[in-house]
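Use these hints to put chain B with the ligand onto chain A, whose structure you have.
For the record, the sequence lines run as chains A and B. Per numbering that gives the first Met the number 0, residue 0 is the first one in the first sequence, and the count goes up by one each step. Per numbering that gives the first Met the number 0, residue 0 is the first one in the second sequence, and the count goes up by one each step.
Don't read these hints as lab results, they were simulated from the structure. Heads up, some of the hints might be wrong.
As the list claims (entries may be wrong) - Derived SDA-like pairs (lysine to any residue); straight-line CA-CA distance at most 25 Å:
hint : chain 1 : residue 1 : chain 2 : residue 2
1    : A       : Lys-258   : B       : Val-252
2    : A       : Lys-244   : B       : Ile-232
3    : A       : Lys-256   : B       : Ile-232
4    : A       : Lys-258   : B       : Ser-154
5    : A       : Lys-244   : B       : Gly-162
6    : B       : Lys-49    : B       : Ala-188
7    : A       : Lys-256   : B       : Ser-154
Stated by the list, open to error - Where chain A lies over chain B, by a calculated footprint (3+ residues, C-beta under 8 Å):
hint : segment
8    : 121-135
9    : 139-149
10   : 188-202
11   : 213-220
Unchecked claim - Estimated spans, in silico, between C-beta atoms of each pair:
hint : chain 1 : residue 1 : chain 2 : residue 2 : range
12   : A       : Gly-240   : B       : Gly-136   : 34 to 44 Å
13   : B       : Ser-109   : A       : Asp-214   : 24 to 34 Å
14   : A       : Glu-191   : B       : Ser-64    : 21 to 31 Å
We treat Cβ as the ideally placed atom computed from N, Cα and C, and that holds for glycine.
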Amino acid sequence: MSGAILVVTEHLGGQFTDATFELLALANGLATSTGAEVEAALVGADVAGMTTQLGAAGRVLLIEDPALESFNPHGHACVVAGLVADREPGIVLVPYTSTGMDMASHIASRSDLPLVSYCQSIDASAGLAATCQLYAGKIEADVSVDGDRAVFAVLSGAAAAADGRRDGSPTVESVTVEVPGGTSFTGQVEPEAGDVDITVQDVLLVVGRGIESEDNIEEVAELAEALGGAVAASRPVVDQGWLPKTRQVGKSGLTVKPKVYLALGVSGAPEHVEGMRDSSTIIAVNTDPQAPIFGVAHHGWVGDLFDLVPELADLLEGS
Amino acid sequence: MDIAVLLRAVPDPVEELELNDDETDLDRDYLGYVLNEFDDHALEEALLLKEDTGGSVTAYAIGTSDEVEQILVTAIAKGADAAVKLGDDLGVLDAHAQSEIFAAALGERSHQAILCGVQASDEIDGQVAMLLSARLGHPHVSVVVATSVTDAGLSVTKEYWAGITATYDVRLPAVLGIQAARQAPRYVAVSRIRQAQDSGALSEVDTVAPASSSGVTITAIRIPESGAGAEMISGDETAAAEQIVALLQAAGVGGAP
Ligand SMILES: Cc1cc2nc3c(=O)[nH]c(=O)nc-3n(C[C@H](O)[C@H](O)[C@H](O)COP(=O)(O)OP(=O)(O)OC[C@H]3O[C@@H](n4cnc5c(N)ncnc54)[C@H](O)[C@@H]3O)c2cc1C
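The shape of chain A in the complex, shown without the other chains (with noise of 0.2 Å):
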């Protein structure tokens, strides 16, 4: 490998994300083992007070302009992968994140390099290679990379964020660019407070895709009420119109940790899983025995949710 571990960082609302800290721990354990120094792209406006939070990267190399004040999918893609043409890095990482999914592909593009995408380990002690998953969790892949230099995409949990998130003063770069135009910001909306939190449950009956219709989450959300709990969801449930966003446990939802977290017909997508893998007690009920929400739960029952269910009515209500 060649060059520097470029960490391309994301923030909202003047504080850096999670997935940030997770990418500078990474980066950080690839340093240990190939020698390289960890820089950190920040970009923004106004961002130079936010530096001495990335002192996991040895230097930021700043690039600030008002057209990037936030987040810009275009401006923000081009100009990350000028920095990246500009500069040369062997390795760099980007979130796979929604801010990370406008980048990732230009930046690798623009300097045709390979984009490792859905990656979940790097190894890059001889030659390039790493573990991603695939099929929504399904199947892993090993993958190796040609050449010694490559973009790669980084599903969240690949490192601990709490390793990568330290005070420090890296030695800051300012770097000047010219912001493309194509896509401007024009405003952010935040969520509506839902009718219940789902992040403050102490139990959840989490429907997915397997619940089929709007009217089997009645039976449900009735034994999460008798439970003293909720009834949250997955992203296609929402997606449907079948219950509110506030509802939504994953990436572009909700994190949650309750006490039980009792899965019904959800597959274990990666999308989903990011949201509620720290959960004391999971427990996964799916018709398919492959399914990925098995490697995360702590206890399994393969087979049919809607058998399942009134089951359980019986016994809580008997008791």
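Showing chain B with the ligand alone in chain A's frame:
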């Protein structure tokens, strides 16, 4: 507005997956394919955009399989004006190869908005939508959950996380990675699909396999051990329900037994 939507057949996520002999790919002999769920949303958003502004929707897909044909015919039945099969039997293509083929096909046309699902489950070398935007040099927004027409182009809503969204003005032509349409994808009756089959709206364009490589090679794949770390409950639903109630009680939720 002339809109393109890119549709991809992906291995059916509910099927049991098996590995090929050298364990570098799925055993594809008996594998079922379905439309990538995010592409289904891209199609829906394209149709909604057309309903807002007029114009046309053209659906593109790579391949010659029955599944690809079915996907395109269904798109026509749902309201696409035309569908193009980028033909020849090119085998399994990675995201770079797909984006190259789509770029070549789209480069000759003048679509103002190109919509594609934000991701597909097999895109190990990057997302087709964003690779395509880089290739075409068009502005792009990924993780899009709504679009509307403005004087200058499009206004799109992008989802960040925790339910937070942002809106952007986008200059056209542009490529959008669609996460979810404004409304759930529409259903279409089988009779309409049969009609669409004979509508003459489906055409085929010969395509050559891309020469360049993504530089990423899969050396081995495996099925993660099911329930690694999970204690599997055995028995029927009655036994399972009893165990789950016991677990709830052990965790101190649901009141006293
Ligand atoms: C940028 C981005 C952000 C995303 N954010 C989120 C997010 O916040 N939250 C989220 O959940 N997803 C999110 N997703 C979507 C994610 O990729 C998956 O598509 C989604 O999690 C799948 O939901 P599911 O498990 O309910 O459905 P599926 O994957 O379709 O799984 C349904 C499961 O139900 C099982 N099943 C079917 N019938 C039964 C039955 N009768 N009894 C028991 N089991 C049954 C099946 O075996 C299957 O495993 C996001 C995707 C992207 C690209």
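Cross-check of the supplied hints:
1. A:Lys-258 / B:Val-252: holds, 8 Å
2. A:Lys-244 / B:Ile-232: Outside the cut-off at roughly 32 Å; violated.
3. A:Lys-256 / B:Ile-232: Answer holds: Lys-256 (chain A) to Ile-232 (chain B) is near 22 Å, not above 25 Å.
4. A:Lys-258 / B:Ser-154: violated, 41 Å
5. A:Lys-244 / B:Gly-162: Distance ~7 Å between Lys-244 (chain A) and Gly-162 (chain B) Cα, so the pair holds.
6. B:Lys-49 / B:Ala-188: Between Lys-49 (chain B) and Ala-188 (chain B) the Cα gap is close to 21 Å, so the pair holds against 25 Å.
7. A:Lys-256 / B:Ser-154: violated, 36 Å
8. 121-135: holds (count 11)
9. 139-149: holds (count 4)
10. 188-202: Contact hint for the segment 188-202 of chain B vs chain A: violated, 0 residues under 8 Å.
11. 213-220: holds (count 8)
12. A:Gly-240 / B:Gly-136: 34 to 44 Å: Given a distance of about 37 Å, which is inside 34 to 44 Å, the answer is holds.
13. B:Ser-109 / A:Asp-214: 24 to 34 Å: violated, 46 Å
14. A:Glu-191 / B:Ser-64: 21 to 31 Å: violated, 44 Å
Of the hints listed earlier, those the structure fails to meet are numbers 2, 4, 7, 10, 13 and 14, in rising order.
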